[in-house]
Amino acid sequence: MLASNHWGGAKILSLHRSSLNDDEPYLRSVVWQQWLFGYELPDTIVMITEDGHVWICATKKKCEFLKPAVDEDEDFKIHLLLRSKEDNNASNYETLMKEVQARGGSESTKIGVILKERATNKENGGIVGPFEEQFDKTVEENQVELVDVGNALALIMGPKDDTERDLMKKSSVLSNKVMKHGFVKRLEEIIEEESTITHEALAQEIEQILEDPNKIKLNVPTSDVQSCYFPIVQSGGNYDIRVSALSNSDKLSPDVIVVSLGARYKLYCSNIARTFLVDPPKKVSETYEILLEVQEACLEQMRVGNQLKSVYKAAVSYLQKNGHENLIPKLPKSLGFSQGIDFRDSALSLTAKNAITFKKGMTFCLSVGFQDLELSSSELDSTPDNSAVSDACGRATGRA
1 MLASNHWGGA KILSLHRSSL NDDEPYLRSV VWQQWLFGYE LPDTIVMITE DGHVWICATK
61 KKCEFLKPAV DEDEDFKIHL LLRSKEDNNA SNYETLMKEV QARGGSESTK IGVILKERAT
121 NKENGGIVGP FEEQFDKTVE ENQVELVDVG NALALIMGPK DDTERDLMKK SSVLSNKVMK
181 HGFVKRLEEI IEEESTITHE ALAQEIEQIL EDPNKIKLNV PTSDVQSCYF PIVQSGGNYD
241 IRVSALSNSD KLSPDVIVVS LGARYKLYCS NIARTFLVDP PKKVSETYEI LLEVQEACLE
301 QMRVGNQLKS VYKAAVSYLQ KNGHENLIPK LPKSLGFSQG IDFRDSALSL TAKNAITFKK
361 GMTFCLSVGF QDLELSSSEL DSTPDNSAVS DACGRATGRA
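In my numbering, the protein residues as written are 1 to 400.
These are calculated hints, taken from the structure and not from any lab test.
Please note: incorrect hints may appear among the correct ones.
[To be verified] Derived pair list, reagent style DSBU-like, types lysine-lysine, alpha-carbon separation capped at 35 Å:
| no. | residue 1 | residue 2 |
| --- | --- | --- |
| 1 | Lys-185 | Lys-217 |
| 2 | Lys-309 | Lys-321 |
| 3 | Lys-180 | Lys-67 |
| 4 | Lys-353 | Lys-333 |
| 5 | Lys-359 | Lys-266 |
Work the whole structure out from these sequences, hints included.
Structure, rendered in structure tokens:
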């Protein structure tokens, strides 16, 4: 259980959303529903109370889907309300408001919501449709205070049970195999044959493998897998190590090649990135070795009971103690994030100020990197004689 301060005083949660939107697969409201029900419930009001009641107002089809979960003998009770056109759901809203007011007591009544998504909706027409919006108006009319519980939900979903961890492992294995048998094999062909291909075109080939692993002889049903995002391929001296980076239309250059991809298996996400050094200048290889050592220092801090910020502190400490202070400003603001059904949980990021502690069962993507490194003319000319394609098991020139 979470401390009460995480909930902002709310004793009831309202986590509804409107129609499906494939462009926003990682909205917290979407991820929460998938985690709670194993299914997405658009155009549905979901209200959860502190004392173990779940009120769901939905269409007949969704109510029939949820009916097997209703068990009056359980302490955790699910109540289904069938949407009604006759009174425009007025009686349903009244029922829900009675439940809200019954838990207000002498204090002001508070409902926990995901405020960020509601703000997005007002600006862009996002996640709340007319049906849900009418309920929101009823809430406002009853002078109920809305408090944000987005981070609290993240903390609940952070630790994974055995089933979830198994899915995370399978997702990670899939990402690794696509990298090894898909990208690496294709990259070797391109370099050996001196073929011409753009970053974007190569990324497209890799995404097709992620969507259908049978292309690399992996017997995985296509209905169970998808790409977490469009793969990121970069080379030629311009790099962006953020997860929001994009593959551009520039031609692949056989120098320092960075790739990042992620598989989603039965909704659970994983991520892998690698840096491939082709005839690298000596300075690049040396810096990359430092990066790998920083990564190991970070891994040592990822222990139950440590604070998330200890990871960033370890990276900075290693660079200071080993005379690499000049690389500290090159670190990104975050060295990774929690993963699960949500690809990147911002509430559980490995930043310098995140005081949340690691808990058993949490899963993270550790992404250590240096951004905007520059080489002098003499350093560029110092290519070692034993040139080869090298993968130091890392994430970019980057990233480790």
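Quiz item: Would the pair Lys-180 and Lys-67 pass a check requiring their Cα atoms to be no farther apart than 35 Å?
Solution: violated, 44 Å
Quiz item: Does the structure keep Lys-185 and Lys-217 at a Cα separation of 35 Å or less?
Solution: holds, 13 Å
Quiz item: Hey, Lys-353 versus Lys-333, does the alpha-carbon distance stay inside 35 Å?
Solution: holds, 10 Å
Quiz prompt | Proposed proximity, Lys-321 with Lys-309 (alpha carbon, max 35 Å) | solution = holds, 18 Å
Exercise. Decide if the proposed pair is consistent with the structure: Lys-359 and Lys-266, CA atoms, cutoff 35 Å inclusive.
Key: holds, 23 Å
The earlier numbered hint that this structure contradicts is number 3, and it is the only one.
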